[in-house]
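Given only the sequences and the hints, what does the whole structure look like? Please build it.
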Amino acid sequence: MSEIKRITTPLTDAIVEGLHAGDSVLITGVIYTGRDLAHARLIEALDRGETLPADLRGQIIYYVGPAPAKPGYAIGPAGPTTSYRMDAYTPRLLDYGLKGMIGKGNRTPEVIESMKKNKAVYFAAIGGAAAVIAKCIKKADMVAYEDLGPEALQRLEVVDMPATVVNDCHGNDLYVEGMARYARTAAHVCSCPTRPVSAGYHLSPRQGDGCR
Amino acid sequence: MRELSVQEITEAVSKMCISANCQASEDLVRATEQTNADEQSPAAKDALLTIRENQRVAAAEQIAMCQDTGLAVIFLEIGQEVHLTGGDLEEAIHAGVRKGYADGYLRKSVVADPLRRKNTGDNTPAIIHTRMVPGDKVVITVAPKGGGSENMSTVKMFPPSAGREGIIRFVVDWVKQAGANPCPPTVVGVGIGGTFEKVAYLAKRALLRPIGQPHTDAYYAEMEQEILAKINALGIGAQGFGGTITSFAVHIEVHPCHIASLPLAVNLNCHVSRHETVRI
Ligand code: SF4
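Line by line, the protein sequences are chains A and B.
Taking the numbering used here, the leading residue of the first sequence gets 1, the next gets one more, and so forth.
Taking the numbering used here, the leading residue of the second sequence gets 1, the next gets one more, and so forth.
Treat the hints with care, as some may be off.
As the list claims (entries may be wrong) - Residues from chain A that face chain B, not an exhaustive set, calculated with beta carbons under 10 Å:
{"id": "1", "residue": "Gly-128"}
{"id": "2", "residue": "Ala-134"}
{"id": "3", "residue": "Pro-150"}
{"id": "4", "residue": "Ala-180"}
Unchecked claim - Listed next, the in silico DSSO-like pairs over lysine-lysine satisfying Cα-Cα at most 27 Å (straight line):
{"id": "5", "chain 1": "A", "residue 1": "Lys-70", "chain 2": "B", "residue 2": "Lys-15"}
{"id": "6", "chain 1": "B", "residue 1": "Lys-137", "chain 2": "A", "residue 2": "Lys-70"}
{"id": "7", "chain 1": "B", "residue 1": "Lys-156", "chain 2": "A", "residue 2": "Lys-70"}
Just so you know, these hints were derived from the structure itself, not from any lab.
It should be emphasised that the depicted structure is a prediction, and the values quoted were computed from it without experimental measurement.
Quick reminder that beta carbons are idealized off the backbone N, C-alpha and C, glycines included.
Following this line, the structure appears as structure tokens:
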């Protein structure tokens, strides 16, 4: 694996061009939260020709709906939500000047094309690792759409937030490449229990583990 | 007739909403560690280390493992010799969910109407499945279910001719197209048989089994292993980063069905596989 790259927001073309699918990064600076309903409202605002509640040009949107913060915490658990739900809105935001997105899961070909065209990058954060990710968020401020509860648009200050580049602006896709690297053909798979059941947990049969 | 106040049920539900969300169960911890040991891909191994670390932090600080603390799915088994007193049973469960999600700083992820989508603000109503059983006990299971993995679930009405092979192919393809969306490593709940509505319930119930505990019928235990091997050969890996383990386990639940039907349901659960049970 490549070494960890540190990047700071806002993102420039040069920063984005230097990132490649599979890179591990640590993100520091301001990022914005936004998921389903916040995206719908941002697009409505663009349609009406209004200024957005935050200037998202050069910025990163983190697809997240945090849990409530316990007293003493800057924010509650805050892991990524599934990105494809934002795909319908994304090319519009990228055309407007958004540079990065953090989420989990596949994007549509339209989004990937738009990322190439606009020099933008898509990162994955570890889905479900919300308690540890929240540790990197030092401050959270409400920006707009407070009525949406967990879906509100917030401004986050993050320090060394870990993420992995999934789609870079050069057209590479970690999900496709990673899967291809580890996929085994059906000929290598057998149904015999190749290893014993230990402590109630089945070990998955692997190539070379006794299956011929 | 044994009397049981629904107030006790409210208390139990409230506590379990919090503990299920904050505390990884023993089987889940074991599955995570074993998967980390077995995984061949460095990127997936890294993700698994973070997932295990997340379980530790959540338990130590009593905060939720995932921000999506789910819709509260409740399974009730009510002994037919129990007389429930003190109010409406379903209302008592909703009250427990309301309290647990407020006290535990859990996210409120329920909208009152599927199309008009206004948040109810307290994570109610819960989804409640009730069964009457012999005896004088009440068994309550709280299984908070996240949206990411729930969205990657399906029901398919096969003709009987599809058979064992048709089902295996469909489940493996389904997990393949879900890719990284359901936060792998996943637990794959498979329901086979019954009717359209029953089969979905079976797939959900399959997720309640301790991770990797095989079906009691050797025929289905072997089928679980075959599907798991084929899923893990897809190469998706933890978080979809590429790897040798995409699912912790496949659990099948079956039910008799109509001579014309072969219903199938797949309910995926993410690595934050949550469920807790109490008997009162
Ligand atoms: S699928 Fe599971 S781990 Fe992933 S975000 Fe949803 S609840 Fe959390």
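Outcome of the hint check:
1. Gly-128: The hint holds - Gly-128(A) has a Cβ within 10 Å of chain B, the shortest such distance being about 4 Å.
2. Ala-134: The hint holds - Ala-134(A) has a Cβ within 10 Å of chain B, the shortest such distance being about 8 Å.
3. Pro-150: Holds: closest Cβ of chain B sits about 5 Å from Pro-150(A), inside 10 Å.
4. Ala-180: Holds: closest Cβ of chain B sits about 7 Å from Ala-180(A), inside 10 Å.
5. Lys-70(A) to Lys-15(B): Roughly 17 Å separates the two Cα atoms, so the pair holds.
6. Lys-137(B) to Lys-70(A): Violated, at roughly 36 Å.
7. Lys-156(B) to Lys-70(A): violated, 42 Å
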